[in-house]
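Asker: Read off the chains here:
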Amino acid sequence: MAAPMLRGRCLGRCWALACIDSGSRHGRGAATGFTSSGKRGQSFVAQQPLLTAQKSRKGEHKWAAVVGLEIHAQIASNSKLFSGSQVHFAAPPNSLVSFFDASLPGTLPVLNRRCVEAAVMTGLALNCHINKKSLFDRKHYFYADLPAGYQITQQRLPIAVNGSLAYSVCVGKKWRQVITKTVRIKQIQLEQDSGKSLHDELRSQTLIDLNRAGVGLLEVVLEPDMSCGEEAATAVRELQLILQALGTSQANMAEGQLRVDANISVHHPGEPLGVRTEVKNLNSARFLARAIDYEIQRQINELENGCEILNETRSFDYKLGFMPEPNLPPLLLYDTASLPAGADPQQVINIDRIREQLPELPSETREKLIQQYGILPEHSFALLNEVGLLEFFQNVIKETRAEPKKVTSWVLNIFLGFLKQRNLAVNESPVTPSVLAELLNLLDRKVISSAAAKQVFEELWRSKGKTPSQIVSERKLELMQDEEALERVCHAVMEGHPQVVMDMKRGNPRAINKLIGLVRKVTHNRADPTVIKEILEKQLSS
Amino acid sequence: MWARAVLLGHRSWMGWHRGFTSKTDPQGSGRVTAEVIEHLERLALVDFGSQEAVARLEKAIAFADRLRAVDTEGVEPMESVLEDRCLYLRSDNVVEGNCVEELLQNAHRVVEEYFVAPPGNISLPKQDEQQPFSHN
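So the protein lines, in turn, are chains A and B.
Take the first sequence: its position 314, counted from the start at 1, is 313 in numbering that gives the first Met the number 0, and no numbers get skipped.
Take the second sequence: its position 9, counted from the start at 1, is 8 in numbering that gives the first Met the number 0, and no numbers get skipped.
Hints listed in this document are in silico derivations from the structure and should not be mistaken for laboratory results.
Please note that a few of the clues may not be correct.
Listed below are the simulated SDA-like cross-link pairs for lysine to any residue, each with C-alpha atoms no more than 25 Å apart in a straight line [unchecked claim]:
| id | chain 1 | residue 1 | chain 2 | residue 2 |
| --- | --- | --- | --- | --- |
| 1 | A | LYS132 | B | GLU95 |
| 2 | A | LYS195 | B | GLU72 |
| 3 | A | LYS475 | A | ILE515 |
| 4 | A | LYS131 | B | ASP83 |
| 5 | A | LYS279 | B | ALA116 |
| 6 | A | LYS132 | B | VAL35 |
| 7 | A | LYS132 | B | GLU72 |
| 8 | A | LYS504 | A | GLU494 |
| 9 | A | LYS131 | B | LEU81 |
| 10 | A | LYS138 | B | VAL110 |
| 11 | A | LYS61 | A | HIS267 |
| 12 | A | LYS475 | B | MET77 |
| 13 | A | LYS138 | B | GLU100 |
| 14 | A | LYS131 | B | LEU86 |
| 15 | A | LYS132 | B | HIS38 |
| 16 | A | LYS195 | B | VAL35 |
| 17 | A | LYS138 | B | ARG89 |
| 18 | A | LYS195 | B | PRO117 |
| 19 | A | LYS131 | B | TYR87 |
| 20 | A | LYS131 | B | ARG89 |
| 21 | A | LYS195 | B | GLU78 |
| 22 | A | LYS131 | B | SER90 |
| 23 | A | LYS195 | B | VAL110 |
| 24 | A | LYS279 | B | PRO118 |
| 25 | A | LYS131 | B | MET77 |
| 26 | A | LYS138 | B | TYR87 |
| 27 | A | LYS195 | B | ASP83 |
| 28 | A | LYS279 | B | GLU100 |
| 29 | A | LYS195 | B | LEU81 |
| 30 | A | LYS132 | B | GLN104 |
| 31 | A | LYS132 | B | VAL80 |
| 32 | A | LYS132 | B | VAL99 |
| 33 | A | LYS195 | B | MET77 |
Based on the provided sequences and hints, a complete structural model is requested.
Answerer: This is the structure in structure tokens:
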């Protein structure tokens with residue numbers, strides 16, 4: 000299995016199953032220091048040069064780390080959470096802003112039905128209890144990109160609580176063993192996004208674009224059940240896949256549609272939890288694991304040097320800025336049993352209906368792949384981990400008679416390898432599923448050998464428009480079909496190299512390989528090595 | 000000025016104060032510590048620079064504490080006068096926006112089509128660093 004496709008999966012050297020040794024060097028190649036762009040002007044993690052851990056003379060005490068996450072996902076909707084202005088990634092500044100978004104006096108919030116449905120879908124997919132009654136609150140703080148001076152959120156009674164997210168971690172040698180871990184979900188709440196600030200240091204001013212202000216967010220709070228950066232990154236990746244499968248969020252971290260804040264503390268196993276620090280606004284999947292591990296190591300080093308962990312966010316933890324949102328009544332949801340008779344369908348949301356219409360989740364898809372095609376679990380992960388790869392795989396399977404295991408191997412090793420080398424996405428591939436299917440058919444019918452197939456694939460990648468059959472005939476790669484001719488060649492080679500034949504008779508296993516090589520040369524590689532071997536052995540024994 | 004300050008800080012202060020006094024001072028004698036003042040100042044962005052202001056604050060809190068004389072055992076708090084109303088759900092259509100010129104008219108300063116704000120949040124200096132308030 001080629002290494003490149005394991006992006007986003009736990010790579011086995013995870014410390015999930017063991018405590019972190021105080022003496023061990025942090026092996027993840029940690030970042031050399033980073034700025035968490037502190038929200039609201041707070042800096043949460045001191046920038047420190049990377050410290051190499053002390054030798055274990057400081058004591059053999061093991062450390063355990065505890066990581067919790069707060070994930071903000073932008074809801075995929077046409078309009079914003081409480082107003083009818085458009086949700087769109089790139090647009091001229093302040094062009095997607097309504098009077099309400101700009102917080103002009105006299106405007107009121109009006110809840111977007113699609114956002115509520117998205118929250119319910121996500122809650123159901125994550126095994127949450129959906130609160131039939133949930134409330135909106137105002138969270139007050141002063142910042143230029145929050146024109147109202149408060150954010151409408153659901154602190155007291157959110158729409159969904161007490162769920163779980165399962166993710167898989169690969170451990171052991173060669174990452175063969177797959178273990179399922181679960182992280183509890185504390186709650187899911189609907190809230191508004193803020194606008195964007197562009198800091199102009201030179202002129203000592205901040206430029207504000209409110210296009211993003213008021214966009215609907217789902218905040219998913221994960222309990223501190225994770226113990227290292229890799230686990231956190233894997234959980235986030237699985238959540239991303241779920242949100243994308245549901246269609247509730249595109250969850251693209253690079254475009255800011257998925258943002259993660261991590262709460263991290265360390266302690267000795269058996270002792271109470273340590274002081275938490277917060278690492279905010281992580282917006283790259285790759286960076287997430289490293290940043291978390293770096294913070295874990297930083298805390299360990301600080302504590303081992305006798306220092307205390309400072310939590311600068313604590314002053315904001317007092318939840319003093321909250322009050323109920325006076326302009327919004329409680330949000331009531333129904334199920335089939337409690338649905339009021341004669342209600343306007345536009346004005347009520349039925350949880351049971353939404354549950355029935357849930358699309359297939361990634362875990363189900365993987366299970367089906369394993370059942371249907373007999374592929375290994377880690378392959379099912381790999382197929383889902385790349386955008387468009389699963390569809391590509393399924394299209395190839397449709398058009399080929401080759402065995403699924405063969406198709407899997409070709410798609411995950413050779414095809415994906417070519418993509419990664421050239422940094423291409425699946426939809427940018429010059430080789431289409433039909434073309435690959437045709438090639439695999441030739442291979443399956445033993446028209447060409449495996450080695451020849453790889454050559455053809457390379458050619459297909461380079462020169463578009465040619466079919467596999469064309470390339471095979473152009474380069475004369477067909478396997479020799481004439482068995483008798485092959486037998487004659489084998490006989491001739493054996494006669495021409497009596498010494499090697501003697502070696503073979505004496506039982507030297509490498510001798511036969513030499514003969515096979517000679518036959519292949521004579522036939523210009525157009526004979527299947529296994530068939531050659533059979534013929535040689537048969538001729539030898541006769 | 001102090002009256003408005005008390006009003007601003009008061010509502011959010013109440014919830015926290017209730018917890019605070021129950022932990023440290025069950026009698027509710029109303030003594031307000033320096034730590035608490037600093038907190039209030041951060042939240043409400045108001046300067047309680049003088050002893051008189053602090054004393055007035057303590058009196059105001061004592062006044063409000065008289066609410067506790069009402070027995071609310073078993074009574075559900077009312078969150079909103081709208082609590083029996085129906086929450087209207089809007090269809091997910093784009094019907095607003097695209098009015099950047101109108102919006103920018105309200106702004107004192109603009110740069111291209113951005114609003115302009117002062118740089119970041121200016122954090123308050125700590126208690127001992129603060130200049131004494133010149134009370135007249």
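Asker: All the hints need checking, so say for each whether the structure fits it.
Answerer: So, going through the hints one by one against the coordinates:
1. A:LYS132 to B:GLU95: Roughly 29 Å separates the two Cα atoms, so the pair is violated.
2. A:LYS195 to B:GLU72: At roughly 46 Å apart (the allowed maximum being 25 Å), B:GLU72 and A:LYS195 break the hint.
3. A:LYS475 to A:ILE515: holds (20 Å)
4. A:LYS131 to B:ASP83: holds (15 Å)
5. A:LYS279 to B:ALA116: Distance of about 23 Å is within 25 Å: holds.
6. A:LYS132 to B:VAL35: Measuring from Cα to Cα gives roughly 35 Å; hence the hint is violated.
7. A:LYS132 to B:GLU72: With Cα atoms ~23 Å apart, A:LYS132 and B:GLU72 stay inside 25 Å; holds.
8. A:LYS504 to A:GLU494: holds (14 Å)
9. A:LYS131 to B:LEU81: holds (17 Å)
10. A:LYS138 to B:VAL110: With Cα atoms ~29 Å apart, A:LYS138 and B:VAL110 exceed 25 Å; violated.
11. A:LYS61 to A:HIS267: Between A:LYS61 and A:HIS267 the Cα gap is close to 6 Å, so the pair holds against 25 Å.
12. A:LYS475 to B:MET77: violated (85 Å)
13. A:LYS138 to B:GLU100: Between A:LYS138 and B:GLU100 the Cα gap is close to 29 Å, so the pair fails against 25 Å, i.e. violated.
14. A:LYS131 to B:LEU86: Holds, because 13 Å separates the two Cα atoms, which is no more than 25 Å.
15. A:LYS132 to B:HIS38: Violated, at roughly 34 Å.
16. A:LYS195 to B:VAL35: Measuring from Cα to Cα gives roughly 33 Å; hence the hint is violated.
17. A:LYS138 to B:ARG89: holds (23 Å)
18. A:LYS195 to B:PRO117: holds (14 Å)
19. A:LYS131 to B:TYR87: Status holds; Cα separation ~16 Å.
20. A:LYS131 to B:ARG89: holds (19 Å)
21. A:LYS195 to B:GLU78: violated (32 Å)
22. A:LYS131 to B:SER90: At roughly 20 Å apart (the allowed maximum being 25 Å), B:SER90 and A:LYS131 satisfy the hint.
23. A:LYS195 to B:VAL110: Status holds; Cα separation ~15 Å.
24. A:LYS279 to B:PRO118: Distance ~20 Å between A:LYS279 and B:PRO118 Cα, so the pair holds.
25. A:LYS131 to B:MET77: Measuring from Cα to Cα gives roughly 18 Å; hence the hint holds.
26. A:LYS138 to B:TYR87: Measuring from Cα to Cα gives roughly 22 Å; hence the hint holds.
27. A:LYS195 to B:ASP83: violated (36 Å)
28. A:LYS279 to B:GLU100: Outside the cut-off at roughly 34 Å; violated.
29. A:LYS195 to B:LEU81: Measuring from Cα to Cα gives roughly 32 Å; hence the hint is violated.
30. A:LYS132 to B:GLN104: violated (41 Å)
31. A:LYS132 to B:VAL80: Holds. A:LYS132 to B:VAL80 sits at ~16 Å (cutoff 25 Å).
32. A:LYS132 to B:VAL99: Measuring from Cα to Cα gives roughly 37 Å; hence the hint is violated.
33. A:LYS195 to B:MET77: At roughly 35 Å apart (the allowed maximum being 25 Å), B:MET77 and A:LYS195 break the hint.
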